[in-house]
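With the hints as extra help, turn the sequences into a complete structure.
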Amino acid sequence: MAQAAALAKKEFPWVWEGTDRKGNRLKGRTLAVSEKDVHAELRRQGVIAVKVKKERQLFKGGGKISPLDIAVFSRQLATMLAAGIPLVQAFEIVGVGHDKPAMQKLILDIKGHIEAGSSLHEALKKHPLYFDDLYVNLVEAGEQAGALENLLDKVATYKEKTEALKKKIKKALFYPAAVLAVAVIVTVILLIFVIPQFEELFKGFGADLPAFTRMVIDLSRFVQDTGWLMLIIAVGAAFTFGYFHKRSRAMRQFIDRMMLKFPVIGPILVKAAIARYARTLATMFAAGVPLVEAMTSVAGATGNIVYENAVLKMRDEVATGLRLQRAMETTGLFPNMVIQMIAVGEESGSLDEMASKVADFYELEVDSAVDAMSSLLEPLIMVILGGLVGSLVVAMYLPIFKLGAVV
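1 is the number of the first residue of the sequence shown in the working numbering; add one for each residue after it.
No lab work stands behind these hints: they were computed from the structure.
Fair warning: there could be bad hints in the mix.
[What the hints assert, rightly or not] Simulated pairs of lysine to aspartate or glutamate, DMTMM-like, Cα-Cα distance not exceeding 25 Å:
{"#": "1", "residue 1": "64", "residue 2": "20"}
{"#": "2", "residue 1": "166", "residue 2": "153"}
{"#": "3", "residue 1": "166", "residue 2": "352"}
{"#": "4", "residue 1": "170", "residue 2": "132"}
{"#": "5", "residue 1": "166", "residue 2": "115"}
{"#": "6", "residue 1": "246", "residue 2": "133"}
{"#": "7", "residue 1": "357", "residue 2": "378"}
{"#": "8", "residue 1": "100", "residue 2": "153"}
{"#": "9", "residue 1": "105", "residue 2": "115"}
{"#": "10", "residue 1": "203", "residue 2": "163"}
{"#": "11", "residue 1": "167", "residue 2": "371"}
{"#": "12", "residue 1": "161", "residue 2": "132"}
{"#": "13", "residue 1": "167", "residue 2": "143"}
{"#": "14", "residue 1": "125", "residue 2": "69"}
{"#": "15", "residue 1": "357", "residue 2": "329"}
{"#": "16", "residue 1": "36", "residue 2": "153"}
{"#": "17", "residue 1": "54", "residue 2": "41"}
{"#": "18", "residue 1": "161", "residue 2": "20"}
{"#": "19", "residue 1": "203", "residue 2": "160"}
{"#": "20", "residue 1": "64", "residue 2": "99"}
{"#": "21", "residue 1": "170", "residue 2": "371"}
{"#": "22", "residue 1": "51", "residue 2": "41"}
The following block contains the structure:
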């Protein structure tokens with residue numbers, strides 16, 4: 001009951017002005033249930049409050065919490081604990097000082113659970129939307145080993161690197177999609193608004209139009225007549241695809257397998273999956289998590305169901321006594337260089353170090369591949385758009401050229 005009552009108290013942000021024992025003027029911001037609590041807290045700090053008022057909240061939504069917010073929070077918390085600041089006080093400092101209300105609320109909610117008697121990993125587990133099993137397991141390992149600040153530092157590094165990798169993959173996938181979208185939009189605009197103007201002009205010629213021009217005009221009429229229907233079908237197809245992609249593991253596996261074989265994009269996704277596998281493995285193993293137990297979290301972090309299934313199979317094989325190197329060989333998904341480095345790590349007792357080197361190498365490979373693809377696609381965009389627009393322009397001017405030749 002006492003724990004429930006403690007959690008039920010809602011704290012609000014307060015701004016205050018006051019003076020310290022030497023008469024120096026001070027300003028600050030703190031969280032408290034009431035103004036009375038603010039005065040009491042300031043007195044404990046040796047501050048005489050002159051003015052205290054509740055801070056105005058400009059908006060209630062608080063913004064969306066991103067994985068990068070969690071990474072920054074982990075880094076801040078690790079720094080505070082390394083400086084010798086108690087856990088609850090560290091949460092207070094980080095929470096009160098955060099600019100994003102939603103993040104502030106999350107941090108202070110976790111602080112409330114800790115004050116009520118929960119351990120840090122138990123408090124984090126109550127927020128699975130922001131702290132996954134991997135994060136919670138690493139924190140639990142840090143608490144048990146008495147090295148929470150070191151583990152939080154590793155978690156922060158892991159989150160920062162994985163988020164940077166995700167951004168690179170999104171960039172790699174966005175570029176081709178952007179090229180296709182721009183090409184479609186430009187073509188549709190020309191077919192709906194420009195081609196009909198030329199069609200009206202050609203009606204006064206009283207002559208047969210070239211086959212290419214007639215084809216473009218017919219396409220323009222088709223788009224004008226069925227444009228809305230095509231748009232509805234396209235939106236419906238996209239919605240249906242998204243719906244079943246989220247709910248059907250078999251469909252996701254099929255899509256992921258096809259994407260790995262896709263030209264240009266496929267090799268980048270393979271390198272990204274290997275980088276995530278190695279980075280997660282290195283982080284979990286360095287934290288002292290047993291290999292078989294760590295493999296479950298490693299599987300979910302690869303970002304591709306093909307690799308996820310392979311890692312889960314490897315986990316089962318390792319659990320029966322097979323070496324990780326041999327288990328990786330049986331999947332056929334890992335390059336020989338990766339397998340050999342993991343083998344060296346197993347033999348030398350430095351698996352986390354070798355896995356980290358593999359992750360560093362493949363993260364750089366992904367970065368280079370994305371930059372190379374971007375450089376390749378920039379002129380490709382010009383060629384595609386130029387080809388589409390040029391073809392439509394040629395189709396419209398062919399009758400004029402033909403008429404000029406007759407005259």
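Pairwise hint evaluation, residue 143 against residue 167, where the allowed Cα distance is 25 Å at most: violated, 31 Å
25 Å Cα cutoff - pair residue 170, residue 371: With a Cα-Cα distance of about 12 Å, the restraint between residue 170 and residue 371 holds, given a limit of 25 Å.
Given pair status - residue 41, residue 54, alpha carbons within 25 Å: Measuring from Cα to Cα gives roughly 15 Å; hence the hint holds.
Agreement of residue 105 and residue 115 with the hint, judged by alpha carbon distance not exceeding 25 Å: Distance ~15 Å between residue 105 and residue 115 Cα, so the pair holds.
Straight-line alpha-carbon gap residue 203 to residue 163, limit 25 Å: This hinted pair is violated, its Cα atoms lying about 58 Å apart.
Holds or violated: residue 357 to residue 378, with C-alpha atoms at most 25 Å apart: Outside the cut-off at roughly 32 Å; violated.
Given hint residue 69 paired with residue 125 - CA-CA distance at most 25 Å: holds, 17 Å
Given hint residue 329 paired with residue 357 - CA-CA distance at most 25 Å: holds, 19 Å
Agreement of residue 166 and residue 153 with the hint, judged by alpha carbon distance not exceeding 25 Å: With Cα atoms ~20 Å apart, residue 166 and residue 153 stay inside 25 Å; holds.
Pairwise hint evaluation, residue 153 against residue 100, where the allowed Cα distance is 25 Å at most: Roughly 22 Å separates the two Cα atoms, so the pair holds.
Pairwise hint evaluation, residue 352 against residue 166, where the allowed Cα distance is 25 Å at most: holds, 22 Å
Holds or violated: residue 167 to residue 371, with C-alpha atoms at most 25 Å apart: holds, 12 Å
When the structure is compared with the earlier hints, violations turn up for hints 1, 5, 7, 10, 13, 16, 18 and 19 and for no others.
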